[in-house]
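Sequence lines, in order, name chains A and B.
In case it helps, my numbering puts the first sequence at residues 1 to 325.
In case it helps, my numbering puts the second sequence at residues 1 to 325.
Don't read these hints as lab results, they were simulated from the structure.
Where hints are given, some of them may not hold.
No copy labels: a pair is met if it fits in one copy or bridges any two.
Only pairs whose alpha carbons sit at most 27 Å apart, straight line, appear in this in silico DSSO-like list of lysine-lysine [as the list claims (entries may be wrong)]: (1) Lys106 to Lys228; (2) Lys259 to Lys248; (3) Lys251 to Lys169; (4) Lys106 to Lys143; (5) Lys169 to Lys248.
2 protein chains.
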Amino acid sequence: MANIREIAEKAGVSIATVSRYLNGTERVSKESGSKIQREIDRVGYVPNALAKAIFTKKSEVIALMIPNIVNPFFNQLATVIEELCHEKGYTLMLCNTEDNKEKEAKYIDVLKAHRVAGIIASRPKCKEQYLNCNIPVVSFENKIGDSIVSVSSDNYDGGRIAFEHLYEKGCRKILHIKGPDTFDATEQRYAGFSDAARERDMEVDVVNFKTDFNLKMLSEDLNNLDCKIEDYDGVFVFNDIAAAVIIKYLKANNVDIPKDVKIIGFDDSFISELINVSLTTIRQPIEELGEALARILLDEIEGKEVPKDDIMIKTEIIERETTLV
Amino acid sequence: MANIREIAEKAGVSIATVSRYLNGTERVSKESGSKIQREIDRVGYVPNALAKAIFTKKSEVIALMIPNIVNPFFNQLATVIEELCHEKGYTLMLCNTEDNKEKEAKYIDVLKAHRVAGIIASRPKCKEQYLNCNIPVVSFENKIGDSIVSVSSDNYDGGRIAFEHLYEKGCRKILHIKGPDTFDATEQRYAGFSDAARERDMEVDVVNFKTDFNLKMLSEDLNNLDCKIEDYDGVFVFNDIAAAVIIKYLKANNVDIPKDVKIIGFDDSFISELINVSLTTIRQPIEELGEALARILLDEIEGKEVPKDDIMIKTEIIERETTLV
Chain A
1 MANIREIAEK AGVSIATVSR YLNGTERVSK ESGSKIQREI DRVGYVPNAL
51 AKAIFTKKSE VIALMIPNIV NPFFNQLATV IEELCHEKGY TLMLCNTEDN
101 KEKEAKYIDV LKAHRVAGII ASRPKCKEQY LNCNIPVVSF ENKIGDSIVS
151 VSSDNYDGGR IAFEHLYEKG CRKILHIKGP DTFDATEQRY AGFSDAARER
201 DMEVDVVNFK TDFNLKMLSE DLNNLDCKIE DYDGVFVFND IAAAVIIKYL
251 KANNVDIPKD VKIIGFDDSF ISELINVSLT TIRQPIEELG EALARILLDE
301 IEGKEVPKDD IMIKTEIIER ETTLV
Chain B
1 MANIREIAEK AGVSIATVSR YLNGTERVSK ESGSKIQREI DRVGYVPNAL
51 AKAIFTKKSE VIALMIPNIV NPFFNQLATV IEELCHEKGY TLMLCNTEDN
101 KEKEAKYIDV LKAHRVAGII ASRPKCKEQY LNCNIPVVSF ENKIGDSIVS
151 VSSDNYDGGR IAFEHLYEKG CRKILHIKGP DTFDATEQRY AGFSDAARER
201 DMEVDVVNFK TDFNLKMLSE DLNNLDCKIE DYDGVFVFND IAAAVIIKYL
251 KANNVDIPKD VKIIGFDDSF ISELINVSLT TIRQPIEELG EALARILLDE
301 IEGKEVPKDD IMIKTEIIER ETTLV
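Please work from the sequences and hints to get the whole structure.
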């Protein structure tokens with residue numbers, strides 16, 4: 001593939017002239033223009049978004065950082081965002097950070113270098129880098145800083161709803177399985193859940209999982225618990241996929257769900273419907289979340305005034321078989 | 001963010017001089033160099049992979065086209081490929097084509113413009129564009145052309161294995177649910193399945209699904225069938241996620257699996273383990289597929305001689321509860 005320098009050399013003009021010609025915003029003499037075009041036609045020079053991005057400072061790529069591509073929740077969110085970006089003429093690239101700070105940092109460098117139009121940062125870890133990257137950024141869940149809008153579900157309230165549901169279903173020995181410390185949302189789910197328990201004068205046990213998506217690691221987490229899940233009559237799990245792993249474990253141990261143990265997940269990703277027994281879960285409004293993230297970022301890219309208030313969207317409970325009595 | 005033109009203006013040199021300086025491959029006078037560097041330091045110009053990519057014709061981005069980000073199989077494949085690319089210093093960007101030719105074409109344009117180092121095209125539709133894009137390409141499943149290596153599972157043999165398994169388990173009224181016409185692999189799975197049936201002097205019924213991943217559409221496909229799945233004693237479904245939808249439907253209709261109906265999926269994605277009843281399936285060797293795709297592409301990018309023979313990797317059956325008698 002020919003590059004801009006070769007075109008300039010062959011056409012006998014400067015690189016700056018070629019770039020002006022490609023960019024189309026400044027005058028290039030008719031003679032130079034036709035020489036350049038002849039060379040472009042001859043070598044099959046492609047429409048050069050890359051060169052254009054350098055000179056206009058913009059590309060038409062929006063990047064979505066996702067912490068784990070195997071978690072259906074993020075895939076459904078990505079699908080919503082992709083459609084909205086596509087409608088507006090932007091191409092969405094997905095970057096799978098695997099909740100790894102080093103990988104996320106490398107992605108940011110690459111995205112900066114490629115002058116992407118904007119970044120949607122899910123559960124961001126590299127806060128300083130986002131603040132200094134000079135690219136419009138919106139965050140999902142973890143807050144980056146005052147200048148960057150964050151969008152999330154109301155995780156605290158979701159935790160409260162989960163406790164109330166188990167309590168109303170008669171559970172009195174309740175366990176919460178909390179997600180890894182890397183994401184703020186799991187803290188908020190826990191806070192809402194335990195506050196609601198305290199108001200009922202109840203104590204809940206809490207155990208930590210180290211991972212939120214890797215099935216092998218989830219099974220290891222499950223084997224390393226210092227409590228027996230089957231000793232509880234109600235379990236609130238921080239996400240649907242971990243809840244599915246726990247349901248599988250309980251079924252293998254002949255525990256009757258929901259009779260002996262009732263279970264609630266979080267997300268309402270498609271997995272909650274697909275598994276048998278189907279999972280009661282706290283629905284994150286994936287459509288609304290995706291729309292808010294895409295809309296705010298696109299507005300920022302287009303230079304519109306964007307209020308810097310964070311957006312929090314209500315969750316709701318979706319009752320299915322795991323708590324059906 | 002400052003651009004190369006502003007740097008050139010402020011430093012009082014030409015854009016070509018700035019690009020030579022950034023590129024580092026050609027001589028720039030010491031005086032110009034220090035003027036440029038001063039401006040770069042002053043405005044915080046970022047290491048410019050974009051400018052570099054124009055002049056060296058390379059970036060360190062590899063793109064993976066996936067037809068549907070919600071299908072766990074592709075997410076697991078992406079995870080394997082991402083790790084291998086990361087080890088070699090490349091960043092993997094995911095492009096979710098949704099099996100939509102127009103979207104795929106736009107992605108190719110954007111990737112060309114950004115001078116990505118290579119593309120892994122899963123189930124490609126835009127064959128001409130890949131053949132003419134002047135970027136190393138490897139394909140997964142659908143064949144693009146003689147010059148591009150394709151990697152796939154041995155889908156034909158997988159179909160044969162599926163039939164033999166149902167037959168050995170005593171099924172004599174067998175249905176095959178075939179995937180959409182957009183991917184070649186489903187044809188091969190069907191061909192292997194029906195050839196094996198013919199050799200046993202058996203007839204199998206076949207119905208088509210229009211989608212392979214969208215849950216809402218899968219349910220519609222299921223409702224529009226002109227046969228009743230529960231009338232069969234053995235069903236081979238073209239992928240795991242569609243099989244999970246069918247299991248859910250049968251359970252809702254009080255069909256005993258595996259006693260009344262035995263089911264086999266295809267992929268061995270994590271969903272097959274997670275659902276109850278767990279799914280017997282034809283395992284695609286995701287690790288080996290991902291490794292082959294990444295290795296061939298990386299070799300091509302590094303200019304190594306790559307044999308143009310297609311690669312086909314054996315499948316195997318993983319027995320779980322849906323056929324356990």
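Is it within, between, both, or neither for Lys106 and Lys143, if the alpha carbons may be no more than 27 Å apart? Within one copy only: 20 Å inside a chain, 33 Å across chains, cut-off 27 Å.
If the cut is 27 Å between Cα atoms, do Lys259 and Lys248 qualify within a copy, between copies, both or neither? For Lys259 and Lys248, both the intra-copy (15 Å) and inter-copy (20 Å) Cα distances are at most 27 Å.
Between Lys169 and Lys248, at a C-alpha cutoff of 27 Å, which is it: within one copy, between copies, both, or neither? both (22 Å within a copy, 25 Å between copies)
Indicate which option fits the pair Lys251, Lys169 if close means a Cα-Cα distance not exceeding 27 Å: within, between, both or neither. both (20 Å within a copy, 25 Å between copies)
Under a CA distance limit of 27 Å, which applies to Lys106 and Lys228: within one copy, between copies, both, or neither? So Lys106 and Lys228 fail the 27 Å test inside a copy (41 Å) and across (52 Å) alike.
Comparing the model with each earlier hint shows a violation of hint 1 alone; every other hint is respected.
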